[in-house]
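> Let chain G serve as the given structure and place chain B on it in line with the hints.
If you're matching them up, the sequences are chains G and B in order. Each step along the first sequence adds one to the number in the numbering used here, with nothing skipped, and position 185 is 185. Each step along the second sequence adds one to the number in the numbering used here, with nothing skipped, and position 18 is 18.
No wet-lab data here; the hints were simulated from the structure. Careful: at least some of the hints might be erroneous.
Unchecked claim - Pairs of lysine-lysine residues, derived as DSS-like cross-links and limited to a Cα-Cα distance of at most 30 Å, are as follows:
no.	chain 1	residue 1	chain 2	residue 2
1	G	K367	G	K412
2	B	K206	G	K485
3	B	K215	G	K485
As the list claims (entries may be wrong) - From the structure, some residues in chain G lie toward chain B, with a derived Cβ separation under 10 Å:
no.	residue
4	E13
5	L34
6	R38
7	L42
8	Y47
9	H49
10	S54
11	L150
12	H151
13	F153
14	Q321
15	I446
All figures in this text were calculated on a predicted structure; none of them were measured in a lab. For every residue, glycine included, the Cβ atom is placed at its ideal position computed from N, Cα and C.
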Amino acid sequence: MSKREQLKDDFLESRLIRRRLVLAAIFTVILLGLVLGRLYVLQVVSYEHFSTLSDSNRIRIKALPPTRGLIFDRHGVVMANNLPTYRLEIVREQVADLDATLEQLRQYVEYTDQDLKRFRQSSKRRRPFESIPLRLNLDDAEVARLAVNLHKFEGVEINARLTRNYPHGEHAVHALGYVGRIDERDLSEVNEVEYAGTTHIGKLGLEKFYEHELHGSVGVQQVEVNANGRTLRVLSESPPIQGNNLHLTIDSRLQRVAEEAFADRNGAAVAIDPTNGEILALVSMPIFNPNLFVNGISYDNYNALRDSPERPLFNRALSGQYPPGSTTKPFYGLAGLEARVNQKDEKTWCGGYYLLPNEERRYRDWKKEGHGHMNLNDAIAQSCDVYFYDLAYRLGIDRMSEFMAQFGFGVKTGVDSTGERNGLLPSREWKRRNEGMPWFPGETLITGIGQGALLVTPLQLANSTAAFAVKGTRYQPRLVRSVEKIPDYNMIDIASRVTGRYELLKPKNWEHVHNAMVNVVHGLRGTAQGINRGMEYKTAGKTGTAQVFEIAQDEEYDEETVAEKLRDHALFVSYAPAEDPKIAVAVIVENGGSGSSVAAPIARQIMDAYLLEKS
Amino acid sequence: MNQSLDSDSVSITRRILDALRLDPVLLSLLVILALFGSLVLYSATGSDQSAVLRQGTRILVAMMLLVAAANVPVRMLRKVSIWLYLGGVGLLVAVMFYGEVGKGAQRWLDLGFIRFQPSEILKLAVPMIVATYLADRVLPVGFKELVVSSVLVLIPVMLIARQPDLGTAILVGSAGFFVLFLAGVRWRIIISLAVMFSAMAPLLWKFALHEYQRKRILTLLDPESDPLGSGYHIIQSKIAIGSGGVYGKGWLNGTQSQLDFIPERSTDFIFSVFGEEFGFFGSVVLILIYLAIIFRGLYIAAHSNENFGRLLAGALSLTFFVYLFVNTGMVAGMLPVVGVPLPLISYGGTSMVTLMMGFGLIMSIRSAKRFLV
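The shape of chain G in the complex, shown without the other chains:
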């Protein structure tokens, strides 16, 4: 202590600091001596070694891009593979006058400004003497023309490379997604070393979601080249490791049946195995050929796809949000029973419209003359709106939203693909937040028949229906069943995941609604009884019609006079066999009119194809 309190003694302190300065100086000399020693070893001792390496200089390191993993359907049918295609590539170092060469090449092969732009872009991030593709996918005539004249072009090569190919073309495109040329933005999201030499990357759908599995691991080749840069021999090589293969839950045959069932209509259909969440078919119509995108789609083709009023690029199954219409009635029916708001046999009088107390406005039934006395079973089988206006009025929006949320309405399902949207489950809270308005009783009624603000994606609707089919257990829907790990070909199964479980208060309640849904298809007055002819199994279903635009209070909706794009969307949800559900389906046909006549037959074809072929 006392020492610390001493007065400062500049002489002692400056001696101390000087001593340390000298020490530091010695230290710097020693360390710099080490660096010089190292340089001596490199430049004097090992000079011969490095000089040879540098002279022959000519050890180049080449990245060997891995082969992309394959994609199979659930029965092992190849959905995506890789085919050799010819590419025109240029090694910049070997070309004396690049612009002149590019100009001369035009005589033998066409390339667009887009190709040129890409070429210049990838030139920036290349390693020395790496060949950069100018044109992909050369056809036989072009290869022949070029091959004959190749001797005129130093540094120009034709190389065969494996390129992604979708053998089924447009089929299942919205389930698979596609790969495209890698761009700067993609590169910023991946490890650049792993992607040295890789030219394509998953852009959409499964191909993007499972990019990390499909890509594989880059390989390296050390080659010796001559003074002109031509490869003389391979010195060492660590081969690339192919990407992992994906085995899908999709049944490609079922997928095709479903797509064909749409004929030339637009819409979406999703089929799910309700016992585990496996997606059996995922359809969004119209479809387009993903092979167009692999090698850089031309502006014309792209514009045609993008500007088409039918919007083929839009994945309706995951990103399309539609009012679910009457397909929600079984859920509300069950909600009413569970909340003890109504009884199974309690009857409501349907006179064609419903009036709220103290309100003028008529909430109409789709059947102008009304359905008469309706119990729950009739109301679902015949899709009576008035019954559900009344039920909604008694349940109130809070209980309705809470119940629907438990079946997955309003939240993403978490499917393993890109572009999924939330849908919309309206509530008081939602309305206050988004519109700054209180909730009106009339909106409860509209929501009670699946109209108004309520929106679902086709995938969501299928998944909720699947959850209903197995009495409340909701799985995370998925497209991939197992990942086949390369190089050991180990199959890693992806476990099914339960995302929600609704516990029935009374199992009987579910059965009442279920029986009503069976009546929709098999009952005498069921709205979908048209599809039961020759059906070898029992189906539980529900039709729906979603208004695209609102009809004025005293106007009539007349299909004939309404322009096609304003026509109602047709919906149908179902699961079968009714006693032991193996498939749940949701179908939406855009502007198709009524669910019973358009959407239900498509669902029937899907269920037939799955259940009958299988057994």
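Coordinates of chain B only, in the frame set by chain G:
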């Protein structure tokens, strides 16, 4: 008689330098180095005159700042150090929230008219604040002083390491700790800290380092393990330097460098271009020039008449040495790849300005004695 003799022997240049408070020895060494650097840069950029001109402009600007710094009186330096430090740390925090992300790290602050790295300020502010703090205490430093100084150093170092910018964090940290070292931290504390640090190394490895940083260290041990990434830099850099031999391939004749085999060859890896073209002989000369600069700085430190000057001038000179050692060590494949430029030669303006201002401070310390005594 005496007067006329003086005015004859003391040349006009010397008078100008004195008036500008510049140290002729240090200044001429720096100028030699800068000229040398421009030659190497011309070769490393593939004979790009405009790049050399841009760099020349930067050197001139940095030299002007050097003159400015040399003319700030020492007592003023001690006064501003706290504000410089607080301002610098404040800007580092700002970078954390508003900084521009470049090459995966968040280092830049965009003030609209200029973009700069606040971490550069700390390269000067940290040794200044620690030197200010310790200058009036009784030396050798006691425990309390040690703790306070360490906290002063570690706050900005952690912030910079987080960005992540390991190279600058090392430079700022060593600048601060050199002050402590010179102020006489007891050997047993230095040794126990060293022991503790090595004991904690595995933990630091696991938790403090980014994945890419771990990889770079592993790559150093076995460059072949990552031939497409940073291993490639090391392999090619070693080939370039080694093939230079004793006298080098000659200016503009480095095949490795000219054929674009060396990545970052005008910035962090410029020494491999130098090694290839000027050989071992050139390397020895270059390192001797650097060593002369360091020694001159240490000499000024040793002859300062007060502790602040001794500590600051010493720490700045030693930091300059760290630049040199880390960069040449990295290029020669002895140290892992961290982003530290070859001082005053690598292309780029940020470190150049800070370094020159640092030498300005050293010169200010030198003249403080001359004009006060």
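> Let me make sure I understand: some of the numbered hints might not hold for this structure. Which ones are they, in numerical order?
Per hint list: 1, 11, 12, 13, 14, 15 violated.
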